[in-house]
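**Student:** Residue numbers (the UniProt record's numbering), protein chains in the order written: chain A, 1 to 452; chain B, 1 to 452; chain C, 1 to 452; chain D, 1 to 452.
Keep in mind the hints are simulated off the structure, nothing from the lab.
Incorrect hints may have been included.
A pair holds if it fits inside one copy or across any two, identical chains being indistinguishable in the list.
Calculated cross-link-like contacts (lysine-lysine; reagent style DSBU-like; alpha-carbon spacing at most 35 angstroms) [unchecked claim]: (1) K164 to K46; (2) K11 to K46; (3) K82 to K11; (4) K278 to K306; (5) K37 to K416; (6) K35 to K340; (7) K335 to K46; (8) K37 to K317; (9) K83 to K11; (10) K46 to K130; (11) K11 to K416; (12) K335 to K434; (13) K35 to K416; (14) K306 to K317; (15) K346 to K37; (16) K306 to K346; (17) K416 to K342; (18) K346 to K440; (19) K164 to K35.
Given the structure is predicted, the values throughout are model-derived calculations rather than measurements.
Protein chains: 4
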Amino acid sequence: MPNFHSNRLAKEVVLRDPVHEYIHIEDQVILDILKTKEFQRMRRIKQLGPIAYVFPGATHTRFEHNLGVYELTRRICNIFAKKYPSRRSGDGLWDDNNRLLVECAGLLHDIGHGPYSHTFEHLFGTDHEKIGQKIIMDPSTDINRVLSQVSPNFPGLVASVIAKTYPNPQVVKMISSQADADRMDYLKRDAYFTGVTYGEFDLSRILQEIRPYSDGICFTMAGMHAVEDYIVSRYQMYQQVYFHRVGRSMEVILQHLLERAKIAYQQSNLPVTPSLAKFLAGNWDLTDYLKLDDGVMETNFSMWTKSSDPILADLSKRYLFRQPLASVCIDEETKSLLPKLKTLIKQAGFDPNYYTDTNSAFDEPYDAYKPSGKNANSQIEIMQNDGQLIELSQLSPLVRSLNGTLQGDERFFFPKVMMSNNLEPQIFDPLYQKFQRYVKNGTLRYIRKPKK
Amino acid sequence: MPNFHSNRLAKEVVLRDPVHEYIHIEDQVILDILKTKEFQRMRRIKQLGPIAYVFPGATHTRFEHNLGVYELTRRICNIFAKKYPSRRSGDGLWDDNNRLLVECAGLLHDIGHGPYSHTFEHLFGTDHEKIGQKIIMDPSTDINRVLSQVSPNFPGLVASVIAKTYPNPQVVKMISSQADADRMDYLKRDAYFTGVTYGEFDLSRILQEIRPYSDGICFTMAGMHAVEDYIVSRYQMYQQVYFHRVGRSMEVILQHLLERAKIAYQQSNLPVTPSLAKFLAGNWDLTDYLKLDDGVMETNFSMWTKSSDPILADLSKRYLFRQPLASVCIDEETKSLLPKLKTLIKQAGFDPNYYTDTNSAFDEPYDAYKPSGKNANSQIEIMQNDGQLIELSQLSPLVRSLNGTLQGDERFFFPKVMMSNNLEPQIFDPLYQKFQRYVKNGTLRYIRKPKK
Amino acid sequence: MPNFHSNRLAKEVVLRDPVHEYIHIEDQVILDILKTKEFQRMRRIKQLGPIAYVFPGATHTRFEHNLGVYELTRRICNIFAKKYPSRRSGDGLWDDNNRLLVECAGLLHDIGHGPYSHTFEHLFGTDHEKIGQKIIMDPSTDINRVLSQVSPNFPGLVASVIAKTYPNPQVVKMISSQADADRMDYLKRDAYFTGVTYGEFDLSRILQEIRPYSDGICFTMAGMHAVEDYIVSRYQMYQQVYFHRVGRSMEVILQHLLERAKIAYQQSNLPVTPSLAKFLAGNWDLTDYLKLDDGVMETNFSMWTKSSDPILADLSKRYLFRQPLASVCIDEETKSLLPKLKTLIKQAGFDPNYYTDTNSAFDEPYDAYKPSGKNANSQIEIMQNDGQLIELSQLSPLVRSLNGTLQGDERFFFPKVMMSNNLEPQIFDPLYQKFQRYVKNGTLRYIRKPKK
Amino acid sequence: MPNFHSNRLAKEVVLRDPVHEYIHIEDQVILDILKTKEFQRMRRIKQLGPIAYVFPGATHTRFEHNLGVYELTRRICNIFAKKYPSRRSGDGLWDDNNRLLVECAGLLHDIGHGPYSHTFEHLFGTDHEKIGQKIIMDPSTDINRVLSQVSPNFPGLVASVIAKTYPNPQVVKMISSQADADRMDYLKRDAYFTGVTYGEFDLSRILQEIRPYSDGICFTMAGMHAVEDYIVSRYQMYQQVYFHRVGRSMEVILQHLLERAKIAYQQSNLPVTPSLAKFLAGNWDLTDYLKLDDGVMETNFSMWTKSSDPILADLSKRYLFRQPLASVCIDEETKSLLPKLKTLIKQAGFDPNYYTDTNSAFDEPYDAYKPSGKNANSQIEIMQNDGQLIELSQLSPLVRSLNGTLQGDERFFFPKVMMSNNLEPQIFDPLYQKFQRYVKNGTLRYIRKPKK
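Between the sequences and the hints, there should be enough to build the whole structure, so can you do that?
**Tutor:** Written as structure tokens, this is what we have:
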């Protein structure tokens, strides 16, 4: 049983949220976490990064998402405490002594993220999960100081929930499973801010039908179709928003831009803010990491548009002023055409190392069971009237059709000018024309040689 | 080319609609149809009949739905006329001379419906499609009079669009296909009034991506996921709303109630309003049909609650005061148990002919192609950039999983008391206990005989 | 302290509601009230009566509204019990022992309504408040039987809350005050179903800031603008929806139609259903009243369209097929013109007793204080940080501008044909022309005699 | 008549927008403006600046707002061109040749804004209107280059519409009046992103009832209540969002922070990005201005948290990590207390020049007429059926109550610690206690001296 304690606020504090109406803060420790500099920093990191270049409304940040996940854990705890309170140890019901723990874990589950996390991790070896653990556990952070006031072992408990090593599976799965507070918040939030209404799902019904059981969290039979719809919405958001070809194109530019900056930093006198300099030099620490945000990155890119390195300057402009690369779908077979295409691109004046790339975006919309996978044992269970559990894909033809599949595509990115099709024939470039013969309906294809 | 003409209204008339914001009426003939008694009658017939007993908000009527279908055809015509105007015959684009025709067909496509159409057709042989054609074609109706003012052959043209015999497939499919104005309106409308948000789909994107082609109407590649989501929403609405077991239970009661009334009418002095009397006697005509609505039916049921026929009186009360039957899922195998169960039900004092029934509810969420089916040649086509068409289930794993399948269930309905489980043992009825052994998790099952 | 008790349901029952998402039923007695025939009858009485002729979506019924008021009382009780629980008698906080009582009162506050209550009361002397009290108190009703199972004096307590004589002002004002659960539900609901979005207000903020005090219910300072906006929304709904000239026109027709039916019933062999006959004959009782609903009324109107009484037949058609009268605004001064106008109308062939009327529709959007008025002592109070109360109109310039005023208009209704303006001169009727000289911009006006 | 021309796009480009569903781009010039670096820069400037510290969802930027204003002008042009096309010069109807001009003006009306415009203008003399004119007119900008391709005088025409000197009042008032596309977009958009639903108003009805007339733009009588509601919503948004005391507190901090930075820059070796350095030095030009955005500012603040200037470092932290000042309402009378309070604050260790301020926030929600004011001649007119205009406040009691009034308050800001109220008496600071005697219910007050 938990041995920590937080002061209840005399009067709850509420924050207006367009997705959940209000975020209710009832404990001093939650309020104190919000006030830390590490948490406030989340305000300056967009939830969807370069996807705002495709869906202009998607300017929302990790700050609101973290609050939203917290609020959902709070609501689920309320529901569990009211409808399924544990009466004796081992009865598989909800022990509300875990409430503060799971609320803090919900609030902090993403605290390790920096700007453009994905790209950054790839280039600078910043593992957002490890960094998140460190922010919670390291005595130098304000968050650790706040959590420690609850009890000396509280930071460790919060970290263990996020790391999925906390022994109570209900607590862990409220934050990390195929239907957890994290995913429910980001799907609804991303749908709201992008305006992509088919990302919508019926959260109020899901909360009506969610329940604890001995091995975690499941849903009653009456909620089956709402959960099914949630899985479909998740699939739709991946296909339509997260994997949008233009968003990925901006990410490709971003990655090449940072790669080039690393080289330029070593070779020349690149203007760069102190925090980012440490990353380009390869000797950053946690303090440097916590200094980074979207604005810092863009401030650097803006300075680099005047760089003497023409590729860095050009890529910086392309990123800041939204000049995406074009792309086509490729597959194992057509990949063999890429060397040919890169040669044409090079002849057109672009360094293929910086102006082309391949990028895979695949998601497994649902996974009924994969013993060794990272989703192991996280299938969604539906509870029958008699308490028996049935795995979701057994009940839903839609989920069955997505189960275990990878949905998405692989794309080859290249300068848009290669697809230009000028109507004035004298300017028409035979190079471009040659390139375009390989592209049909947005897909790369083999072309038959004309018969002689 | 059409040879009919309507006066444009000097000033458009608008009706507020919670689903489409406004219904815009721009032609005198549309306004005149609205004012006919045959069309006003639609105000008194609920769109979803007894489903309002399950979803209390579902009190919307066929009147609003018909207006909504009209409004969608109007908007689609606007889009086609702006983006895809035909320039020469046979170019596969939109000839806006068909606008008034398709708008009238949209407005009148359901005009033949009466109260509880489904049940009624079964019992009294009222075919709503034939009746609809008659209302449009018969010189005795106000609707025929109004349509004839456009041109003498205009009623026939409107009827032919509804009957799918009009030669222009774009006109026919705007009203009747797997993604037509009719379905789009009822899905959005039924979702709005029931409050079942997962019936929502992205209509504005679909209208952004809809386009005509030589054989009908299709969608561009950019709209594929929105159309996919529409198919999924349709499936969800069928499973969650249209096939709800309690709604079907009320329909079962309704049917038995009317069957019993037919018998009671012949045997006794049943109080009945003049219009319904003609149906019970079996000699109704169009005028009688047009007198019926939900209120007339319920007025009769209310009078019958005092009937000397105890079954009729009881069923009338059950319908009016929402006392549904219970039900369990059955299949080909467990059906063989029904005689046994009916015997128990009879022993408990209920006539199985009136208090039990089996009811199938299955829908084919999508059908890629079935040459002889009623949806023949109505698959949804997606147009590639180069104009090539691909059938939807080729592109979408979700639609592929639903394609050609029947989704739904078959149920056995019986008095709820059979499932009663009184905690006071002395009142406990061994009959009920015996019955309940056959039911587990809402499904009928075989029970093994206890070993001796 | 209350001495009644209800069994909590083992598992709550939920009803989907498009306005409040879910109605949660947690007590056996609430569920049992829903199942009574008196309550189910509410399903067949539209909340807004003939206003559905103006806003086609407004088909929602008193059934859903009553459920909605119940749900709001339940939520307010939850909020009060959590945030402001009474600790000792007389501390001005919330005693949750009143919960079941106020929930039942919320559910039943409108139970005395019949079809077209307003018109009916005028013509047949049916007082819906008295009838409501009777339905609750009379041992012959199912509702009385259900309530009595809670405790013998429970029906009386529920009736006293509705009659505002129950001693606890918090309980009474949750149902009856200028910002009560009743008004909050109907404003939101009517806005949703009509589609009139400016009837919207911020219910979630109001519920965030509502609180009990010794003399009733008030709002905290942080909620002032939300309450202000609610008062404005209420004003808007009255001006735009409830007082719509076409809705009132249909009510005028309805009233004349029923007046005429009373006469025709005495003079001739008018076909009429048994329940309504008792009202036309003037000897109805509670059982007859409970038989009436919208469908019964319309069934009678439909039969009367064939009546030998030409005025009754015509008015019945006008009502059923939505043929409203036209109208103009009048005031004390222009009223003196009405005899002249009625003479013209009579000359045009219409009996002014049945085809004209004046109708006032005025509402007092907010009333800070009127000692003798029916809203006495019901002003809205805002609580300062230090507990001091300030009456709303002291804080809000908008509310101050509406305070104590009557908003609305008085109109003269007459046959639409009087305003006809045929372009073909030979048919032009000098009578109509004469009539129209008195009308300008929808208002009656004096006309100056031409100078000689 | 306009003498400019743009190429229609072969296929319209659409952008998803959560407020207006889609932004439709139909002309090459609009698309080209979007692609300029000056316009893309708007993505990095939040629409509501520090208000995102109060309403976490308010992260939307000027980019989306500009697109939204463009889209509304496009829709209004569509409505005017369809319903009110000019047939001859001087008929007071709409000449659609102005469409491209007004669309460009809508898109660019805010192009001169930089980060925290208000504060910036105050401190650095940057006039966003003049800068906007310069961005449009100066041949060095991409926007000027794009506009000039329409016609050489097109930049000047666009600038004149924004400057309100273009001769056609319909064009000018579509962008600048009390009910223009600019305000309509920002109210709806800010309501959507903050989640403050009472900022909502019925845009679709307003667009239904908007119309041109000889002196500008007005609304028909049927739209009066929708316009009234829009004025009320505007008032609500000012009181609840734009004037929120915490948002203003963050602005006060920002202003003092920049003031201090100016001094620190002159005195020491302040780290600062090149673009901002030019402002601190007082020798900025347009290029420097266009380099600024929210991220650049915050990057500088972040560097300054390590400054050797303790006030600058502290204010930078307060801004970045959201540590607002407290505040109380003041008026002319209580202002005389401020010196006393500042003395107490100074004694508590805070420099009053940087840690206190007074701040007025007043708005005139509606102005019927003020000949010399900046809204001169911009009252809202309602057109009667006969074409006569009536000024809005003549018709609406709500608007009348707001007309010509100033709504808002004046506040005194000071460190929050002055209000601290520690429960442990030994730490309690008599200074704070003394300070707090002057504050009651959030307002400053005189205190009577205790009688001797």
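**Student:** Now look at each hint and say whether the structure bears it out.
**Tutor:** Status of the hints after comparison with the structure:
In the homo-oligomer, the alpha carbons of K164 and K46 lie at most 35 angstroms apart inside one protomer (26 angstroms), although the nearest pairing across protomers, at 37 angstroms, exceeds that limit. Both within a single protomer and between protomers do K11 and K46 lie at most 35 angstroms apart by alpha-carbon distance, with minima of 31 angstroms and 31 angstroms respectively. Taking the shortest alpha-carbon separations for K82 and K11, both the intra-copy value of 21 angstroms and the inter-copy value of 11 angstroms come in at or below 35 angstroms. Taking identical chains as interchangeable, the C-alpha atoms of K278 and K306 lie at most 35 angstroms apart whether they share a chain (21 angstroms) or sit on different chains (17 angstroms).
Taking the shortest alpha-carbon separations for K37 and K416, only the inter-copy value of 18 angstroms comes in at or below 35 angstroms, while the best intra-copy value is 42 angstroms. For the identical chains of this complex, K35 and K340 are inter-copy neighbours only, at 31 angstroms across copies versus 55 angstroms inside a copy, given an alpha-carbon limit of 35 angstroms. Taking identical chains as interchangeable, the C-alpha atoms of K335 and K46 lie at most 35 angstroms apart only when both belong to the same chain, with a minimum of 33 angstroms there against 42 angstroms between chains. Taking CA atoms no more than 35 angstroms apart as the test, K37 paired with K317 passes in both settings, with 31 angstroms inside one copy and 9 angstroms between copies.
In this assembly of identical chains, the alpha carbons of K83 and K11 lie at most 35 angstroms apart whether taken from the same copy (25 angstroms) or from different copies (8 angstroms). Both within a single protomer and between protomers do K46 and K130 lie at most 35 angstroms apart by alpha-carbon distance, with minima of 20 angstroms and 32 angstroms respectively. When the C-alpha separation of K11 and K416 is checked against a cutoff of 35 angstroms, the pair qualifies only between copies, where the shortest distance is 18 angstroms, while the shortest distance within a copy is 57 angstroms. With identical chains, the CA atoms of K335 and K434 are at most 35 angstroms apart within one copy only, with a shortest distance of 17 angstroms there and 67 angstroms across copies.
Taking identical chains as interchangeable, the C-alpha atoms of K35 and K416 lie at most 35 angstroms apart only when they sit on different chains, with a minimum of 14 angstroms there against 45 angstroms within one chain. With identical chains, the CA atoms of K306 and K317 are at most 35 angstroms apart both within one copy (9 angstroms) and between copies (30 angstroms). Taking the shortest Cα distances, K346 and K37 sit within 35 angstroms of each other only across copies (27 angstroms), while inside one copy they are farther apart (47 angstroms). With identical chains, the CA atoms of K306 and K346 are at most 35 angstroms apart within one copy only, with a shortest distance of 24 angstroms there and 46 angstroms across copies.
For the identical chains of this complex, K416 and K342 are intra-copy neighbours only, at 13 angstroms inside a copy versus 62 angstroms across copies, given an alpha-carbon limit of 35 angstroms. Taking the shortest alpha-carbon separations for K346 and K440, only the intra-copy value of 21 angstroms comes in at or below 35 angstroms, while the best inter-copy value is 69 angstroms. Proximity of K164 and K35 under a CA criterion of 35 angstroms is satisfied intra-copy only: 26 angstroms inside one chain copy versus 46 angstroms between copies.
Going down the numbered hints, you'll see the structure goes against none, and every one checks out.
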